[in-house]
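Participant: Sequence:
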Amino acid sequence: MNLLWIVLPSALVLGIAYVTYGRLLGKLLRLDAKAPVPAVEQRDGVDFEPISAAELLPQHFSAIAAAGPIVGPILAGLMFGWLPALLWILIGSIFVGGVQDITSLVASIRHRATSIAEVVRLYMTRRSYLMFLAFIWIALVYIIVAFTGVTAASFVGAPLAENGGIGGGAIASASLIYLGITLVMGLVMRYAGMPSWLALCVFLPMVVLAIVFGPNVPLDLAAITGWSDGSAVKLWSTILLAYCLVAGVLPVWLLLQPRGQLGGYFLYAALGAGALGLAFGNVRTEYPAFRGWEVATATGGTASLVPLLFITIACGACSGFHSLIASGTTSKQLRNEMDAKPVAYGSMLLEGMVAVVSLCCVMMFAEGSPELAGKPNQIYAHGIGKFLDVLHVSKAIGVTFALMAFTTFVYDTLDVCTRLGRFVLQELTGWHGRGGRIFGTAVTAGVPLFFMLRHPSDAKVPVWQLFWNLFGASNQLLAALTLLGVTVWLWRTRRAIWVWFVTGIPTVVMYVMSTWALVTMTVPAFRSSEGAWQAPSDPVPWIGLVLLSLAVLMLVEAIRVLAGSNEPPTGSNLAPAAA
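Under full-length UniProt numbering, think of the first position of the sequence shown as 1, with each following residue one higher.
Mixed in with the good hints, there may be bad ones.
[Unchecked claim] Have a look at the derived ranges for each label pair, beta carbon to beta carbon:
1) 46 x 292: 48 to 56 Å
2) 500 x 370: 45 to 53 Å
3) 560 x 205: 36 to 44 Å
4) 296 x 201: 48 to 56 Å
5) 546 x 279: 19 to 27 Å
6) 289 x 526: 22 to 30 Å
7) 546 x 183: 20 to 28 Å
8) 227 x 529: 44 to 52 Å
9) 304 x 526: 48 to 56 Å
10) 434 x 9: 46 to 54 Å
11) 432 x 289: 50 to 58 Å
12) 238 x 293: 24 to 32 Å
13) 304 x 501: 23 to 31 Å
Quick caveat, the hints were computed from the structure, so don't treat them as lab data.
All values reported here derive from a predicted model rather than from experimental measurement.
Virtual Cβ for every residue (Gly too), placed ideally from N, Cα, C.
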């Protein structure tokens, strides 16, 4: 079957959902173009800076996308077949992920752009608030570790193209040039007054030049230092986290906003490349649609479709991380309440399309093909390279373009995660001055560095892969807790019965799947091979146990609150409505 007949209906379903279900969500939230927003009322030029939806959407899109909609669908497609992965991407992005994204954004802007945890404090209890903040910060550390590892690994390694032009060093060079371009763009827009449309016209071609010339100036740290690839990955991880340390305290106009705009449009181009290849390439489906409910893994164990599918594909269907972006940085830049639908719900559906295109990079190859033997970023690069081959683009440029798109996703996420971790620690400590910003950023970047450096350089399983399922489970549990929080908020301020269908059902689904997965990954570490209970030396299972405990306690708190008074608390600016 031609892949086009899978992608076109998927795009149509997502488009219809944006118009219809998006309108229903806007009605539930009572979006008002005249309502005051924090970006305008609290503007400070550092964190609060209003921008248009056209500028904010690509920034938000590139920040939430990360490596998730590439890595997750590819891993899930390889394990279980493309059909279960495709169904979860479409259903999840429309009815779960998109709902979480827009409700968490609106909840934040209705409460002075505070985090979703602060909303939980107002509508539940202070105890819930502290537990949720702790859960968020731990989840952010998981995200930073996973994405730092996968990015550092993409900067190291053997060339992908036959001509030797595309090694990890080439991707590293192109990526660093890209960061330099975004800094210059931010300075020019700020001090020369260049409008954003003109800046995009000037600086986007420069990104293309970075892709073309990156392979000519490869920054191969393994060759420069004489170290092994594993040691070079650790060095790149340190450099990336040092970048996060600096980026996490810079004004949003200098790096976050220009990089978000450039990155967003660059990712639109990646989607466009996939669309053109699908439209004119006559690419056919080769991979099995379904491989079974339980499949063998590379480690010799087995993986069950339920619940692992729902945590392997996080970004692309539903991701708790999105709520942190929405309530952490996006809410501080939203110029108008009506922009919440295109920025939050629209971005989630766009990310769903990115996930579909990524899944196609598996579907186009037969099971056992050498193209499917590499890491997910390499599989993605081979797929996009094949799409671009239809346009007579050389494999070297096509693969570099795809890997640049991959690292662009992750760059945006890494420094946003660090900034969000700083926000969380500042909320926990109450330290909001310059010292608090530096301390919060340093701790948030330092803990992932500890995990990266303690991982053996010669380990068979890379650190990002070790953390991926744990990241997925904690991330999806964060989504469940976010949906739980907004359900309580909507119930206590609106009393609309259909809130239980819009946010309540997704809450139950995500809570059950994520806790189920976290239990299956955590509990075995506390049992020896003989079946006796043991205390593992690895800190990861203990962290998983902490996350499970926090999730259970949060659920108990929510049930207690819902069983009590339904009166809206003081400070709510969303008037109650009759059922």
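Participant: Each hint: holds or not?
Facilitator: Hint check results:
A hinted range of 48 to 56 Å for the beta carbons of residue 46 and residue 292 is consistent with their spacing of about 52 Å. The hint said 45 to 53 Å for the Cβ distance between residue 500 and residue 370, and at roughly 49 Å that hint holds. Distance hint check: the CB atoms of residue 560 and residue 205 are about 57 Å apart, inconsistent with the given range 36 to 44 Å. At roughly 51 Å, the beta-carbon separation of residue 296 and residue 201 lies within the given 48 to 56 Å, and the hint holds.
Checking the proposed 19 to 27 Å range against residue 546 and residue 279 shows it is violated: the Cβ atoms sit about 48 Å from each other. About 37 Å separates the C-beta atoms of residue 289 and residue 526, a value inconsistent with the hinted range of 22 to 30 Å. For the hinted restraint 20 to 28 Å between residue 546 and residue 183, the CB-CB distance of approximately 38 Å leaves it violated. Our hint of 44 to 52 Å for residue 227 and residue 529 is violated, since their Cβ atoms are close to 35 Å apart.
Distance hint for residue 304 and residue 526: a CB-CB separation of about 20 Å, inconsistent with the stated range 48 to 56 Å. Look at residue 434 against residue 9: about 52 Å separates their beta carbons, and that is inside 46 to 54 Å. At about 52 Å, the CB distance of residue 432 to residue 289 agrees with the hint of 50 to 58 Å. For residue 238 and residue 293, the hinted distance range of 24 to 32 Å is not satisfied, since their beta carbons lie about 42 Å from each other.
Remark: the range hint 23 to 31 Å for residue 304 to residue 501 is upheld by a beta-carbon distance near 28 Å.
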